[in-house]
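Residue numbers (our numbering), protein chains in the order written: chain S, 59 to 402; chain Z, 59 to 402; chain B, 59 to 402; chain W, 59 to 402.
Don't read these hints as lab results, they were simulated from the structure.
Treat each hint with caution, since some may be false.
Straight-line Cα separation of at most 30 Å, DSSO-like style, residue types lysine-lysine; simulated pairs [claimed, not checked]:
(1) Z:K109 - Z:K86
(2) W:K312 - S:K308
(3) W:K109 - S:K114
(4) Z:K303 - S:K302
(5) B:K109 - Z:K308
(6) W:K328 - S:K86
(7) S:K328 - W:K109
(8) S:K149 - S:K114
(9) Z:K181 - Z:K86
(10) W:K312 - S:K328
(11) B:K86 - Z:K328
(12) B:K86 - Z:K109
(13) B:K114 - Z:K86
(14) B:K86 - B:K114
Per label pair, the in silico range of CB-to-CB distance [as the list claims (entries may be wrong)]:
(15) B:N319 - Z:E122: 51 to 57 Å
(16) B:E98 - W:P132: 34 to 40 Å
(17) S:D355 - Z:E171: 18 to 24 Å
(18) Z:E142 - S:R315: 52 to 58 Å
Virtual Cβ for every residue (Gly too), placed ideally from N, Cα, C.
Take a look at the letters that make up each chain.
Protein chains: 4
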Amino acid sequence: MTTASILGGSGYGGGELVRLLLAHPCVKVQQVTSRSHLGEYVYQVHPNLRKRTQLKFSDPAALEPVDILFLAQPHGQAQHHIEEYARLAPKIIDLAADFRLRDAAFYENWYGEKHAAPQWLSKFVYGLPELHRAEMASADYVSGVGCNATASNLALLPLVRADLLDTSFPIFIEIKVGSSESGAEGNSGSFHAERANVIRTFSAFGHRHTAEVIQEMGLPDVSLTMTAVDLVRGVLATVHAKVKKGVTTKDLWKAYRVVANENPFLRVVKESRGIYRVPEPKILAGTNYADIGFELDESNRHVISMCAIDNLMKGASGSAVQCMNLMLGWEETLGLDFAGLHPI
Amino acid sequence: MTTASILGGSGYGGGELVRLLLAHPCVKVQQVTSRSHLGEYVYQVHPNLRKRTQLKFSDPAALEPVDILFLAQPHGQAQHHIEEYARLAPKIIDLAADFRLRDAAFYENWYGEKHAAPQWLSKFVYGLPELHRAEMASADYVSGVGCNATASNLALLPLVRADLLDTSFPIFIEIKVGSSESGAEGNSGSFHAERANVIRTFSAFGHRHTAEVIQEMGLPDVSLTMTAVDLVRGVLATVHAKVKKGVTTKDLWKAYRVVANENPFLRVVKESRGIYRVPEPKILAGTNYADIGFELDESNRHVISMCAIDNLMKGASGSAVQCMNLMLGWEETLGLDFAGLHPI
Amino acid sequence: MTTASILGGSGYGGGELVRLLLAHPCVKVQQVTSRSHLGEYVYQVHPNLRKRTQLKFSDPAALEPVDILFLAQPHGQAQHHIEEYARLAPKIIDLAADFRLRDAAFYENWYGEKHAAPQWLSKFVYGLPELHRAEMASADYVSGVGCNATASNLALLPLVRADLLDTSFPIFIEIKVGSSESGAEGNSGSFHAERANVIRTFSAFGHRHTAEVIQEMGLPDVSLTMTAVDLVRGVLATVHAKVKKGVTTKDLWKAYRVVANENPFLRVVKESRGIYRVPEPKILAGTNYADIGFELDESNRHVISMCAIDNLMKGASGSAVQCMNLMLGWEETLGLDFAGLHPI
Amino acid sequence: MTTASILGGSGYGGGELVRLLLAHPCVKVQQVTSRSHLGEYVYQVHPNLRKRTQLKFSDPAALEPVDILFLAQPHGQAQHHIEEYARLAPKIIDLAADFRLRDAAFYENWYGEKHAAPQWLSKFVYGLPELHRAEMASADYVSGVGCNATASNLALLPLVRADLLDTSFPIFIEIKVGSSESGAEGNSGSFHAERANVIRTFSAFGHRHTAEVIQEMGLPDVSLTMTAVDLVRGVLATVHAKVKKGVTTKDLWKAYRVVANENPFLRVVKESRGIYRVPEPKILAGTNYADIGFELDESNRHVISMCAIDNLMKGASGSAVQCMNLMLGWEETLGLDFAGLHPI
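Generate coordinates for the entire structure from the input sequences, incorporating the hints supplied.
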């Protein structure tokens, strides 16, 4: 068995990782750390793990050597300790935003501070297998992904791969998100009485995940607008753009099918009957799927491309496990076989 | 007291009208009709009216003459009986979509059928006081408004009034809606187990309310995309567009303040602190307010304009009562003074 | 106009009071205090009040004399300053729990600490008009009510008034509550991701509101069990008990109708058709109604009595305004005429 | 591989069975039938199964012989065709209520009609492994369980097994349920706008699942009260009763631990810190766990016993798969290893 430890296991992404790794057929979870819950059983914070593990949260300072180390800390910590972590484990996957961007200046521009370990940026592969599968086979260091960036990148992927967009028009991406995105540490606006029933646009422009879309998709004029809705898990990204002249619905079908065929967790959803005709996050809770779909108004070339994911799975911990599988030469889908629930 | 009757009072818009008119200081509700609930107490269908009225639903065929008649039937019925209704009441407000468009060919284009009373189209004033206040003072016939069209038109109003948009770029309007919009008659996708927790884009293009935006705003390239979220009452429309070169945030502030000052139910919401910084529908439940706000990315001229309303109030019955007030020469805000709830 | 001030206006109960008093035809709101939001506009915390008031939160230390003073502070503060408040206003209504119990020893038993002003306990009338209407006409000091106690007391009222219960059996009261009950200051379990979708029994026995039920109903063996559900506003209390031998459904109908006829805000809800057959809190949001209903199993004498209220209205600020109306000799229902919304 | 077919696979219980059996390591799904969705892909109705199966719904009349047959039809059908089904499969599990009760007169009393195949009642084992594990090893026919009965029976199990209840007092069971319980076929009260935000007591007494509690627990005076809350999946049953004189909290701890140790899917939840201190259904979505807990007021012998389950899993399809595992001599937990999600 490959040993794995999780640094920062009391947050939502860390908890999801613990769940996935405990059920993974080739992995043994060695340590899960938490400063604030030190000594407590992991199941006291993540109650779904009761009767699944007797692990207790251990001290991050007492981290032992391990085959693969997952970093699930708040943003901005890993870059200060990466050398130390690299001495503990030959393989590292960092779920935070510390190593997602390739360029130190670009990082500084979006995060408003100098990067503490710029020489490490080029050692990391951006952690979305659908974009960097081949590189992962030989990678030692893989970054996490922003959940909103992931939904946006996968909504754009078929259009960009097939070169169907008229990039002289702006690209607006409207993103609706659930409450788990803001993490286990909330603010007064996160309390149920204020957060329930919302349609609340908390970021009109300038969300940091935009940088990951620009880097990975190479698009000049793209903006992400973030709106919170009443849901715990899930993201829906909706790309609004214009296709090139002459592009037809048939071309789009082909482009979407190609990427769905190449990627085990991508599914095209575009039905003409039934309740579930378009990508929707609610049925993806707990799964690693990204459902994609589109609609074209041929009269004016408007295209809408949608991608739905579970922000804690495909948008965070699920993709991280998928990366681990590729890094270690295992079947890509190992330990990620939960189909999701209907209804939910 | 002015007498008023409501044709079609068992639906959500009709029920809201009954509530508003029962509490209106100058109106006496004479009849409320319903075929399917004939003979039942109105409060058995609208339980909020228990101990408020002993009215029973009466037969639409037994409608008596009245000072003002509200039509709250499903779309497509009023145009077949408008002559008959006009003999019963000198003033008519039709909440359905039958008389919202001014042009018969335009109607046929969007509704896919010939209009049954095209000669009546020009007799109706489009029922949004913020656009047609002056005409209402002398109008006998006023149409309803589409709730999504209303949120879109009011989000666009400051930008269009001040001529700030670069109309060479497309205008995308992203609209998120609650479940009451689909009316008291639902389908299998409306059942709670399927409809809870959704982020479901049920109309990417071509929603009929688009026609009202085109007619009232005169914009060439505009599309409405409709997404259902987990909420009962409320609509948020978000306009994505480009402003003309040189337009600044200061220009936008001025444009928004002008329309808010001219209109008692418009409020600019753009705060830099607190939980409620942007327009949000949840706190508008039961009120006639339309909260508007904006955000400008000066680097690339992207503007986001938001409008939040209660779809059953400002988007339907509230605007209808506001129109009645103007038609009858009363104070515009009469009977529409509920402030809304916080939290909710 | 009668002047009124609110000490502690940034919480949910305080905000609801501001809304009600601003709309009250005989009252002028003089000051609303808040330490944490000092100097902010009231509408920045309670966004429903935008365009309704330009009041700012003032310093509690700068409170001026006033005709009637509402105390809406956290529990435990008013008892330390009541002498001082009494010098500022001839009439006081305290929404907190400081003066709800008549007996100092009983208070100490339930609150775990000595009362700081025991001599004041007998000067206060318990603030539920349905129990103490006559005394309020001459009262200067009226307490608030616990929201769960109110739902319980009003569910019990018809049974106790008509002496129908077999008190040799225990009385279990199951109470389901929304999230606004825990106030604007929450804890980590109040964050949306943890609080959404819950059925969470947070107090099996010993909730402090039990003391108000024992005091007001005089029952020997009664317990309240509190369960949080996914709703913002609302309480449903369900009494489980045994009736005396020979008591019939007809006896119960009579007992419930009597109290509903005597009290403008009580309504009996017990329908055999339609969607809303029993008391339900959701349609009461923003109203001062208490809907009551019952079901009897004549085979074994089990009775179920239900009472639904809005915890911030009938369970707090609405009852407080109703008390004010009675204390000042006004119509009991003044300023409390909102009918509530359907659907919601 | 053992072959299995599902008669009636388009409902919620049927869909859950398909999901579980597709993922079961020892089972091959042969046919899934549906009259109303004949010829459609199973994933068009259960969208979580997209990319998991290319099965289409087949005609119930074309059912082929199979190793084990699951009946997931509406109540009242299986009893008319059981002979025919028994010719198709040596092992049958019926999820409906047709064969849950052992006594034909008792059945008639609760279901209001004569049973169509009374001679078959004694051939079926009641399908709750925690009560009938030993019998299942040799059973050919196993019934389903009522979800509310299951939550009630498992809440009662430790108390009854250890003989701790004072049965001279009545037992009230308060049950809160999500919307998936009413099945894929709803009524007008199931539409989201009416069903969201509810605390709606839809059955005060006489729910049919009561019969299963009486039969299995042998208690004289027990009543179930059913209240719908805003949640899709989940049941919480809360037993209110009196324990015998002298029973202590320690006795209860022992009784609960005994049953949890004997049963792989039972867990005792009774924490003094953290957010999840008591049994809660939300974290059980998709799992087969039944979380149980209790609280005792030693001053008056009131005991509260809680059991939380996912109504579609432990309350229906999960228990059915668990029964299958026992009937076929497999590991009891096979195919039921999903841990559930946090947060959700």
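Hint check results:
no.: 1; hint: Z:K109 - Z:K86; result: holds, 17 Å
no.: 2; hint: W:K312 - S:K308; result: violated, 66 Å
no.: 3; hint: W:K109 - S:K114; result: violated, 37 Å
no.: 4; hint: Z:K303 - S:K302; result: holds, 25 Å
no.: 5; hint: B:K109 - Z:K308; result: holds, 22 Å
no.: 6; hint: W:K328 - S:K86; result: holds, 28 Å
no.: 7; hint: S:K328 - W:K109; result: holds, 14 Å
no.: 8; hint: S:K149 - S:K114; result: holds, 23 Å
no.: 9; hint: Z:K181 - Z:K86; result: holds, 26 Å
no.: 10; hint: W:K312 - S:K328; result: violated, 54 Å
no.: 11; hint: B:K86 - Z:K328; result: holds, 28 Å
no.: 12; hint: B:K86 - Z:K109; result: holds, 29 Å
no.: 13; hint: B:K114 - Z:K86; result: violated, 39 Å
no.: 14; hint: B:K86 - B:K114; result: holds, 15 Å
no.: 15; hint: B:N319 - Z:E122: 51 to 57 Å; result: violated, 32 Å
no.: 16; hint: B:E98 - W:P132: 34 to 40 Å; result: violated, 58 Å
no.: 17; hint: S:D355 - Z:E171: 18 to 24 Å; result: holds, 22 Å
no.: 18; hint: Z:E142 - S:R315: 52 to 58 Å; result: holds, 55 Å
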